[in-house]
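K.L.:
Letter by letter, the chains look like this.
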Amino acid sequence: MNTGRSVARTGRSALGILVALLAIAGPTAAQTVRIGAPLALTGGLADEGKKQQVAYDLWAKRVNAAGGMTVGAKKLKVEIVSYDYQTNEQRASQIAEKLITQDKVDFLTAPFGSGHTKVVAGVAERYGVPVVASVASSESVFNQGFRNLFGTLAPNAGLTDGLVRLVAKQLPATRRIAVLGREDVFPKSMAAAMVDAAKRGTLEVVYNELYPVGSMDFSAPLAKIKSLKPDWIFVAGYTKDLVLARKQMADLGVSAPVVTMVTGPAYREFAEALGPLAEGVTSATWWVPALAFRSDDVFGTTQAFTADFQAREKGEPDYVHASAAAALVALQKAVEKAGTLDKAKVRDALAALDIVTFYGPIRFSPNGMNAGRDLPIIQVQGGKAVVLQPEALKQGTLRPMK
Amino acid sequence: MSALYAQVLLNGLMLGALYACIAVGFSLVWGVLNVISMMHGSFVILAGYLTCAAFTGAGIHPFAALVPVALLLLLLGYFLQLGLINRVVSQPVLTTLTLTFGLDMILYNLMNVWFEATPRRVTLDLGRLEFGEVVLPLDRAAAMVLALAMTGLLYVILRGSRLGRAIVAVRMDRDAAALMGIRVPRVYAATFGLGAMMAGACGALLALVYPITTNVTGQLLGKAFIVCVIGGLGTVPGALAGGLVLGLVESFGGHWFGPQVAPLLGFALMLVLLAVKPTGLFGQRGYE
Chain A
1 MNTGRSVART
11 GRSALGILVA
21 LLAIAGPTAA
31 QTVRIGAPLA
41 LTGGLADEGK
51 KQQVAYDLWA
61 KRVNAAGGMT
71 VGAKKLKVEI
81 VSYDYQTNEQ
91 RASQIAEKLI
101 TQDKVDFLTA
111 PFGSGHTKVV
121 AGVAERYGVP
131 VVASVASSES
141 VFNQGFRNLF
151 GTLAPNAGLT
161 DGLVRLVAKQ
171 LPATRRIAVL
181 GREDVFPKSM
191 AAAMVDAAKR
201 GTLEVVYNEL
211 YPVGSMDFSA
221 PLAKIKSLKP
231 DWIFVAGYTK
241 DLVLARKQMA
251 DLGVSAPVVT
261 MVTGPAYREF
271 AEALGPLAEG
281 VTSATWWVPA
291 LAFRSDDVFG
301 TTQAFTADFQ
311 AREKGEPDYV
321 HASAAAALVA
331 LQKAVEKAGT
341 LDKAKVRDAL
351 AALDIVTFYG
361 PIRFSPNGMN
371 AGRDLPIIQV
381 QGGKAVVLQP
391 EALKQGTLRP
401 MK
Chain B
1 MSALYAQVLL
11 NGLMLGALYA
21 CIAVGFSLVW
31 GVLNVISMMH
41 GSFVILAGYL
51 TCAAFTGAGI
61 HPFAALVPVA
71 LLLLLLGYFL
81 QLGLINRVVS
91 QPVLTTLTLT
101 FGLDMILYNL
111 MNVWFEATPR
121 RVTLDLGRLE
131 FGEVVLPLDR
141 AAAMVLALAM
151 TGLLYVILRG
161 SRLGRAIVAV
171 RMDRDAAALM
181 GIRVPRVYAA
191 TFGLGAMMAG
201 ACGALLALVY
211 PITTNVTGQL
221 LGKAFIVCVI
231 GGLGTVPGAL
241 AGGLVLGLVE
251 SFGGHWFGPQ
261 VAPLLGFALM
271 LVLLAVKPTG
281 LFGQRGYE
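If you're matching them up, the sequences are chains A and B in order. Mapping of the first sequence onto our numbering: position 205 corresponds to residue 205, and the numbering continues sequentially without gaps. Mapping of the second sequence onto our numbering: position 226 corresponds to residue 226, and the numbering continues sequentially without gaps.
Pulled out of the complex, with its shape left as it was, chain A reads as follows (with noise of 0.2 Å):
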C-alpha cells in the first residue's frame, strides 16, 4: 500500500520534471547558440583562462549587439556556458564531458595550451563535437587524429623559420647557438623545432637540453652555455621560466648577440617583471595589435578589436585575446556557412574554411592547424615589443643585444 503509493508519487514527479524539463529546454534550445568553455579560472592558468574568457565574452557582445548569428534563415544569440577547471586536466575532462552531455552545447572552444587542449580535444572527439582551440601550437597535440579539432594558431615550425631567417640576413655572423627548453608540451616542440630550424640555416647547435617543469635554479645550464659561447641564446618556457632565466643571465654575466626568448615578449607581464633586463630580447609570435587586417567578421579590423579591447581591459590585447576571439569567429562563419547547427556539417564546414579575419587569415590544414604565414618577429625595445617583422608591419630593425 505504502510502496505503491510511492511509486505512484514518484511516477508522478518524474513526470512532472520531464515536463518542466521540455519546457525549459524546447524553447531555449532553439534559441541559442550555446558555446561550452573549460576555462583554467583559478589555479596556475588562472591569468591566461581570464584572457580567454574576455576574448569570448567581446566576440558574444559583438554577435548579440548585431542580432545573433545566422543560421539558416533564422538569427540565433549566442551564449558561452563556462565553468572553471581550476587548472586541473583530470577537471577539464570532466567538465567537457559535463558541458557536452549535460548542458547540451552545439560546440567547445579548448583552454589555454596545448596539454589541456589534447585533453579536452579528446573528450569531444568521442562525441562528434567540433572544438576551436585557440592556444594550442604543438604538432603533437594535433597528429592524433582528432577530427573535429580545429586551432587557430599556426604550427612551431612557422616561428623558428621566420627567426632564422631573420638573423641571418641582418647579423649573418651568427654561428653557434644554444638551445634550452622546458620538457612541456609547447615549450619542447618549440625548442625542437628551434633545433631543425637551425640545422636547415646551417646554425652550428652547440648546446641543446630541456629543463624539468619544477626547475627552479638556471645557474647550472646557464653556467655550462656560457662556457660554451654562443652567439644566439634560445630559451622555451613560460614567462615565469623566461623571467629568471634572464635574470640569472645577467646575475652570471652570460650573454649573447642573439637572446631570443618563447614566447616572453608577446607578454606584457614579461617586459614588466623583468624592467631594463628585457631590453633586446627578441621572440616570435602569432599576432600582434600592429597588424591590420580588413574583415567582414564581427569585428571587422585588428583596430575595431583593439579599441573593444581596451574599453574594457588596461593595456593592449595580447596573441592570446585575439586567437581567442578569432577561433569563435571562425566558428560563427563555418555555422553561417554551413546553415546549420548539425554537428558534423559544421565540421565539415570548419575544414574547408577559407577566410580572413580581424586577426589573419585562417585555413585549416587537413591535421586541424591554421596554416602558416608571414608571422610577426619582436624585439623589446625602449621597453616595448616592436615588430622587425613582416616588412609591412616593421616598427624597427633588429638590434643586436649589449
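FYI, nobody ran anything at the bench for these hints, they're computed from the structure. In this text the structure is predicted, and so the values were computed from the model without any measurement. Any given hint might turn out to be false.
Stated by the list, open to error - Quick list of simulated restraints, FRET-style, between CB atoms:
id	chain 1	residue 1	chain 2	residue 2	range
1	B	TRP256	A	ASP196	20 to 30 Å
2	A	GLY383	B	LEU75	51 to 61 Å
3	A	GLY253	B	PHE267	28 to 38 Å
4	A	ASP57	B	PRO278	49 to 59 Å
5	B	VAL67	A	GLY383	25 to 35 Å
6	B	ALA58	A	LYS394	37 to 47 Å
Claimed, not checked - Stretch by stretch, here's where chain B covers chain A in the computed footprint (C-beta under 8 Å, at least three residues):
id	segment
7	39-51
8	208-221
9	233-244
10	250-259
11	266-273
C-beta: ideal position from N, C-alpha, C; glycine also.
The hints should help you fit chain B onto chain A, whose structure is shown.
P.N.:
For chain B alone, coordinates are given in the frame of chain A:
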C-alpha cells in the same frame, strides 16, 4: 675549467642557502607540532607579493620590507594556529595535513584573485662581482647572507630565549611540558608563527631574485620537504645542512648530467637517506 667548477660550487651554495631559508620554518613546524604545513609555499609567495607591492607601490626596498613583512606573517601564522589548527593539532597527521591543505587552497586562490598569477619581480638589480671567470651576483649573495642571518636568529631564539626553551621542551615531551606549566597551545601558536615568519623573511628575499607567482607554491613546498628529509626535522642546523646539500647536488648534477636530471638526484638522495639514515643528517632519533 677550474673556474667553471668554482662557479658551479658557488651557484650550488647560493641556491642551497635559499633552499635552507625556505625549509627552516617548515622543518620547525613539522618537528615541533608534527604538522606538515601545506601552506608553507603559499606563505613564502604571499610575503613575496607583499614585498613586490611595497616596492611598486611605495618604493620600499625589499631589505627594508623584510622585517615588517616577516612580522605580518608571524601574526598570521600565530592566529591561524591559535584559532584553527590547534583544534585538530593532536589528531593524526593526516587530519592536520588535510586542514592545512584546505587552508592553502583558500590562500592560494585568494592570492590569484588579489595579485593575479602573473609573475612579478622587484626590478632592482644590484649587479655582480667578477673574480676572473667566476661571477658572484650581489643580490643573491645578499639574500644568502640575510637568509643565513635569519636562520641564525631562529637558532638563537630556540637556544637562548624562554620561548625557545619552551618550544624545545614541548617538542621533546608534550605531556611533561604541560605538567611543568608550559601553555602548550600558546607554544604551538608561537611555533607556527615563527615558521610563518621565516617563510615571510624568505619570501621578501625571494622577491628580489625570483619571479613571484602562485604557480610555484607547490614547488617551494616540495623543496622544503626534501630539505627536511635530508637534513632532519625540527632542527635549524638540519635545515641548513639539508638545503646546502640539495643546492650542491642540484648544481653539480645539472652541470654533469644536464638540467633534466638535477631534481631527480635530489629525490634519489632523499630515498637513499630514508633507507640508510631515516632521521636525516642532523635529526635525532625519535623525532623523525
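K.L.:
Is 25 to 35 Å a correct range for the gap between the Cβ atoms of B/VAL67 and A/GLY383?
P.N.:
Given a distance of about 32 Å, which is inside 25 to 35 Å, the answer is holds.
K.L.:
Honestly, do A/GLY383 and B/LEU75 meet the 51 to 61 Å range at C-beta?
P.N.:
violated, 38 Å
K.L.:
Please check whether the segment 250-259 of chain A has three or more residues whose CB lies within less than 8 Å of a CB on chain B.
P.N.:
holds (count 4)
K.L.:
Could one say that the CB atoms of B/ALA58 and A/LYS394 fall in the range 37 to 47 Å?
P.N.:
holds, 40 Å
K.L.:
Can you take a look at whether the segment 233-244 of chain A is actually covered by chain B? Rule is 3+ residues, C-beta closer than 8 Å.
P.N.:
Holds, because 4 residues of the segment 233-244 of chain A bring their Cβ atoms closer than 8 Å to Cβ atoms of chain B.
K.L.:
Residue count check for the segment 208-221 of chain A against chain B: does it reach three with CB-CB under 8 Å?
P.N.:
Coverage by chain B holds for the segment 208-221 of chain A (12 residues, Cβ < 8 Å).
K.L.:
Does the Cβ distance between A/GLY253 and B/PHE267 fall inside 28 to 38 Å?
P.N.:
holds, 31 Å
K.L.:
Taking 20 to 30 Å as the stated bounds, is the beta-carbon spacing between B/TRP256 and A/ASP196 within them?
P.N.:
Holds - the Cβ-Cβ distance for B/TRP256 and A/ASP196, about 27 Å, lies within 20 to 30 Å.
K.L.:
The segment 266-273 of chain A covered by chain B? Criterion: 3 or more residues, Cβ-Cβ distance below 8 Å.
P.N.:
The restraint on the segment 266-273 of chain A holds, since 3 of its residues have a Cβ under 8 Å from chain B and three suffice.
K.L.:
Please count how many residues of the segment 39-51 of chain A have a CB within 8 Å of a CB from chain B and say whether that reaches 3.
P.N.:
Coverage by chain B holds here, the residue count being 6 at a Cβ distance below 8 Å.
K.L.:
With respect to the beta-carbon atoms only, verify the hint that A/ASP57 and B/PRO278 lie 49 to 59 Å apart.
P.N.:
holds, 54 Å
In terms of the numbered hints stated before, the structure departs from hint 2 and from no other.
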